[in-house]
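J.: Residues per chain are reported as follows:
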Amino acid sequence: MKIADFVVLTLCFMLPTALTASSWKFERAIDVSGPNTGYFHHIDSSGRRNIAVSEQIIAIAWEDDRDGVPRIYLAYKGATDNNFNHDIRLSGGGEAYEPSLVALSGGRFVIAWEEDGYIHARMASLDGTPVLGPIVKVDSNPSSQVNLTTHGDRVYAVWSQRRGRFGRIHATDLRPNEKGVLKLGMACPVDAIPPTDEQLYPAAVISDGRLLVAWEDRRPKHTIIMAAVDHPGNPCRFSAAYRISEKPEIRGLPYGSGHGVSRVALGHYGHRGVFAAWEDKRDFRDGYDIWGAPFLSAESRFGSNVKLQDDFGGLAKQRHAALSGHRDGSLVAAWDDEREGNTDVVLSWQDDGVWSDDWLLPVASGEGHQSNPSIVLDTRGDLHVIWIERQDIGATTRLKYARGRRHIDK
Amino acid sequence: MNTTCLQYLASWHQPLARAIRPVFLSVAAVLLLPPICSADAPDGYPFQPFDQAMAQAKSDAKPLFVYFGRYGCGYCEKTNKEAFIDPTVKARYIANYALAYVDAESGRRLRLHSGERITERELGTRYNALVTPVFSFLTPDGKPIYRMIGVQRIEDLIEADRRIQAALAKEAQ
Numbered sequence: 000m001k002i003a004d005f006v007v008l009t010l011c012f013m014l015p016t017a018l019t020a021s022s023w024k025f026e027r028a029i030d031v032s033g034p035n036t037g038y039f040h041h042i043d044s045s046g047r048r049n050i051a052v053s054e055q056i057i058a059i060a061w062e063d064d065r066d067g068v069p070r071i072y073l074a075y076k077g078a079t080d081n082n083f084n085h086d087i088r089l090s091g092g093g094e095a096y097e098p099s100l101v102a103l104s105g106g107r108f109v110i111a112w113e114e115d116g117y118i119h120a121r122m123a124s125l126d127g128t129p130v131l132g133p134i135v136k137v138d139s140n141p142s143s144q145v146n147l148t149t150h151g152d153r154v155y156a157v158w159s160q161r162r163g164r165f166g167r168i169h170a171t172d173l174r175p176n177e178k179g180v181l182k183l184g185m186a187c188p189v190d191a192i193p194p195t196d197e198q199l200y201p202a203a204v205i206s207d208g209r210l211l212v213a214w215e216d217r218r219p220k221h222t223i224i225m226a227a228v229d230h231p232g233n234p235c236r237f238s239a240a241y242r243i244s245e246k247p248e249i250r251g252l253p254y255g256s257g258h259g260v261s262r263v264a265l266g267h268y269g270h271r272g273v274f275a276a277w278e279d280k281r282d283f284r285d286g287y288d289i290w291g292a293p294f295l296s297a298e299s300r301f302g303s304n305v306k307l308q309d310d311f312g313g314l315a316k317q318r319h320a321a322l323s324g325h326r327d328g329s330l331v332a333a334w335d336d337e338r339e340g341n342t343d344v345v346l347s348w349q350d351d352g353v354w355s356d357d358w359l360l361p362v363a364s365g366e367g368h369q370s371n372p373s374i375v376l377d378t379r380g381d382l383h384v385i386w387i388e389r390q391d392i393g394a395t396t397r398l399k400y401a402r403g404r405r406h407i408d409k
Numbered sequence: 000m001n002t003t004c005l006q007y008l009a010s011w012h013q014p015l016a017r018a019i020r021p022v023f024l025s026v027a028a029v030l031l032l033p034p035i036c037s038a039d040a041p042d043g044y045p046f047q048p049f050d051q052a053m054a055q056a057k058s059d060a061k062p063l064f065v066y067f068g069r070y071g072c073g074y075c076e077k078t079n080k081e082a083f084i085d086p087t088v089k090a091r092y093i094a095n096y097a098l099a100y101v102d103a104e105s106g107r108r109l110r111l112h113s114g115e116r117i118t119e120r121e122l123g124t125r126y127n128a129l130v131t132p133v134f135s136f137l138t139p140d141g142k143p144i145y146r147m148i149g150v151q152r153i154e155d156l157i158e159a160d161r162r163i164q165a166a167l168a169k170e171a172q
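Going down the list, the sequences are from chains A and B. For the first sequence, numbering that gives the first Met the number 0 begins at 0 and goes up steadily by one. For the second sequence, numbering that gives the first Met the number 0 begins at 0 and goes up steadily by one.
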């Protein structure tokens with residue numbers, strides 16, 4: 000037997016082990032929004048934050064078209080409840096898309112979304128009888144692709160404003176008051192230099208008191224991921240924007256501008272850890288892979304790019320990367336992955352700075368298609384996952400939820 | 000500044016390119032590179048968003064020809080410049096198909112005939128446009144007939160059209 004054949008055989012025997020060795024135990028999956036829907040759910044928001052936990056209340060925001068119009072809905076449940084409460088409609092009368100959701104203290108949440116071409120936001124207090132605050136328009140200019148982030152009770156929104164020819168990433172803070180009203184701070188562009196091409200799909204985190212923003216940028220005539228961080232105490236002043244998705248070695252092709260990347264997500268973990276993950280086509284033969292980069296806080300920049308997924312995913316396509324971190328230093332990534340032939344949700348997590356083998360989420364894999372995960376780690380370290388489930392491509396959808404707990408081998 | 004584009008732009012005449020390189024690079028960087036190096040639908044073709052092209056395909060009873068591209072895609076640009084520029088290709092494809100262009104990274108929204116609202120990016124996933132370009136021939140209601148992946152030559156596009164039209168003619172008999 001040739002050495003290469005031996006290596007391939009060995010990898011084949013290792014594969015099932017890599018995919019089934021369980022470090023997490025998940026409860027059964029439950030429907031968030033009723034089992035027989037006959038319509039289409041979407042959780043495709045910029046930065047993929049559609050689930051949040053506050054004081055043992057789990058809240059989920061999504062878009063669906065149950066009445067023929069895309070609208071934003073919210074469902075929630077207590078940590079020990081078996082089912083989610085009835086859906087609460089959050090958006091107004093227009094076509095609404097791509098909600099982003101974050102948690103505050105005391106069972107309160109902030110949700111932002113695009114409606115009729117503008118970014119809107121409101122608060123929801125879910126501790127007891129649900130109370131919705133008034134809807135506020137976050138930007139008076141046409142805008143889309145909002146992402147929220149929070150640290151304590153500070154909330155920031157980032158989005159792509161479409162005032163000029165190109166989208167331009169803007170940021171502002173949203174100050175919730177005790178009456179459930181969001182007061183808007185001053186909105187400012189994250190990149191001080193006016194865009195020469197599209198700036199799209201931003202994500203943000205607050206780390207060490209500073210707002211860190213990453214986004215898709217088409218200034219080199221292909222899509223790259225760029226980032227900037229604000230100056231402490233001066234929320235409208237950002238560092239110069241810089242590229243974080245690396246440029247692979249030029250292959251000498253006489254056409255094109257560069258490889259594609261798509262949809263960055265950010266996760267905050269530990270005291271000041273930040274990680275960015277995105278879809279990356281630098282290996283252009285097999286669609287997107289999941290790549291990322293750690294933020295080097297001492298140097299205030301992102302470090303070298305790393306591939307999050309393991310080698311077994313190399314020949315399959317991966318999409319929809321989501322991240323969530325914990326103050327204890329845990330960091331988990333989720334994405335959908337076709338290595339097993341259909342679309343499954345896969346998890347990977349960092350141990351001592353190294354990404355684990357990829358792990359098929361048992362309740363979100365197998366027959367049918369399970370995709371578009373959004374995840375959050377709660378204060379106990381439990382992982383809450385939502386995803387879209389459909390039997391066939393193009394079929395109507397179900398929105399599913401499951402909670403998992405990690406087992407640490409000692 | 001994009002080296003691959005500069006290589007292409009300068010390759011048409013090496014000595015002259017060397018002589019005028021400094022000026023050429025400055026001017027090209029400002030004026031020429033963005034439109035030349037961004038791959039998009041080829042010029043002169045009535046490519047439409049997918050849902051509009053599908054509506055046209057139904058009303059005209061024509062197949063759909065869907066070009067799955069990506070901003071900055073090199074092989075898309077090569078196919079545009081070396082194959083879609085051909086007048087025979089242009090005439091055949093405009094006459095025989097409802098033409099759709101899909102940017103496989105775009106968040107542009109479409110509404111499918113199922114009623115689902117979907118982005119161009121997600122549509123690319125549905126039709127397995129893993130790499131770009133992908134050229135898909137679809138029935139008016141979106142069922143795949145045939146597809147071609149990667150760079151296409153003039154003869155590839157003409158042969159594909161010939162096969163599709165022959166199959167349609169046979170079906171009509």
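Mixed in with the good hints, there may be bad ones.
Dumping the calculated DSBU-like pairs for lysine-lysine here, alpha-carbon to alpha-carbon at most 35 Å [said to hold, decoys possible]: (1) Lys169(B) to Lys80(B); (2) Lys169(B) to Lys246(A); (3) Lys76(A) to Lys136(A); (4) Lys169(B) to Lys306(A); (5) Lys142(B) to Lys169(B).
Everything labelled a hint here was simulated from the structure, so no lab data went into it.
J.: Next step is simple, just say for each hint if it's right about the structure.
T.: Right, here's what the structure says about each hint:
{"no.": "1", "hint": "Lys169(B) to Lys80(B)", "result": "holds, 33 Å"}
{"no.": "2", "hint": "Lys169(B) to Lys246(A)", "result": "violated, 49 Å"}
{"no.": "3", "hint": "Lys76(A) to Lys136(A)", "result": "holds, 28 Å"}
{"no.": "4", "hint": "Lys169(B) to Lys306(A)", "result": "violated, 50 Å"}
{"no.": "5", "hint": "Lys142(B) to Lys169(B)", "result": "holds, 18 Å"}
Taken one by one, the earlier hints fail for this structure at numbers 2, 4, listed in ascending order.
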